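Trainee: Chains as they are written, first to last, in our numbering: chain A, 595 to 709; chain B, 108 to 223.
Quick caveat, the hints were computed from the structure, so don't treat them as lab data.
Given the structure is predicted, the values throughout are model-derived calculations rather than measurements.
Backbone N, C-alpha and C define an ideal beta-carbon position, used for all residues, glycine too.
Each hint can be trusted.
Computed, partial: chain A to chain B, Cβ under 7 Å: (1) T694; (2) F699; (3) G700.
Partner residues are not named here, just some residues of chain A that face chain B (Cβ under 10 Å, in silico): (4) Y630; (5) K632; (6) G637; (7) A685; (8) K696; (9) L697; (10) G702.
Lysine-lysine pairs mimicking DSBU-like chemistry, simulated, CA-CA at most 35 Å apart: (11) K696/A / K164/B; (12) K632/A / K164/B; (13) K164/B / K648/A.
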Amino acid sequence: DQQVKQNSPSLSVQEGRISILNCDYTNSMFDYFLWYKKYPAEGPTFLISISSIKDKNEDGRFTVFLNKSAKHLSLHIVPSQPGDSAVYFCAASASYGGATNKLIFGTGTLLAVQP
Amino acid sequence: KAGVTQTPRYLIKTRGQQVTLSCSPISGHRSVSWYQQTPGQGLQFLFEYFSETQRNKGNFPGRFSGRQFSNSRSEMNVSTLELGDSALYLCASSPGVMAGITGELFFGEGSRLTVL
Numbered sequence: 595d596q597q598v599k600q601n602s603p604s605l606s607v608q609e610g611r612i613s614i615l616n617c618d619y620t621n622s623m624f625d626y627f628l629w630y631k632k633y634p635a636e637g638p639t640f641l642i643s644i645s646s647i648k649d650k651n652e653d654g655r656f657t658v659f660l661n662k663s664a665k666h667l668s669l670h671i672v673p674s675q676p677g678d679s680a681v682y683f684c685a686a687s688a689s690y691g692g693a694t695n696k697l698i699f700g701t702g703t704l705l706a707v708q709p
Numbered sequence: 108k109a110g111v112t113q114t115p116r117y118l119i120k121t122r123g124q125q126v127t128l129s130c131s132p133i134s135g136h137r138s139v140s141w142y143q144q145t146p147g148q149g150l151q152f153l154f155e156y157f158s159e160t161q162r163n164k165g166n167f168p169g170r171f172s173g174r175q176f177s178n179s180r181s182e183m184n185v186s187t188l189e190l191g192d193s194a195l196y197l198c199a200s201s202p203g204v205m206a207g208i209t210g211e212l213f214f215g216e217g218s219r220l221t222v223l
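With the rest of the complex left out, here is chain A (with noise of 0.2 Å):
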């Protein structure tokens, strides 16, 4: 059973436009949201996060958007860069009241942003 969907196997965007990386969960439980990003041959390095008592968390050009009602989140990149080009994961936490670096990772979606 996958907790952590990303419907979408890759997205391609144009060069300053904006990126917007979609992420769906089932279990109510998760309270932490992380998006990592992964080049070829690297290990996933970590992006931008949000708790789930907030809604938006903002670092530079990357924007994630959080849903509780829709168990939806969302990751904007603005302007988008051709740097940006990897595969991003989205993964969730549940805390379940103690402490865990225990993530539930979704399929990834493999970004291409062109010149």
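Position chain B relative to chain A; hints supplied.
Mentor: For chain B alone, coordinates are given in the frame of chain A:
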């Protein structure tokens, strides 16, 4: 500051064999997690260690095991290898115990295992 180091980077095994993968976390990090990445499945959580104790385990068969040493280095072992175990195995370290609070895990480049 050195990143997360995983060895070996690439290895080829045959069915039925066993394999041990090693992970050295970032200096000072006490939490180590392991993930399996396969095409179409994304990253799937294997297990998590903090201060030599397994804190969480994913839904993998008992053939998959791990441990953490007093210096925070970690190893994972897969016994009786199957073709489906072919994957990229990623290790991640964290300074704390809460990914949500720290905001991130620091991943190594992975160990690419091919089972023939």
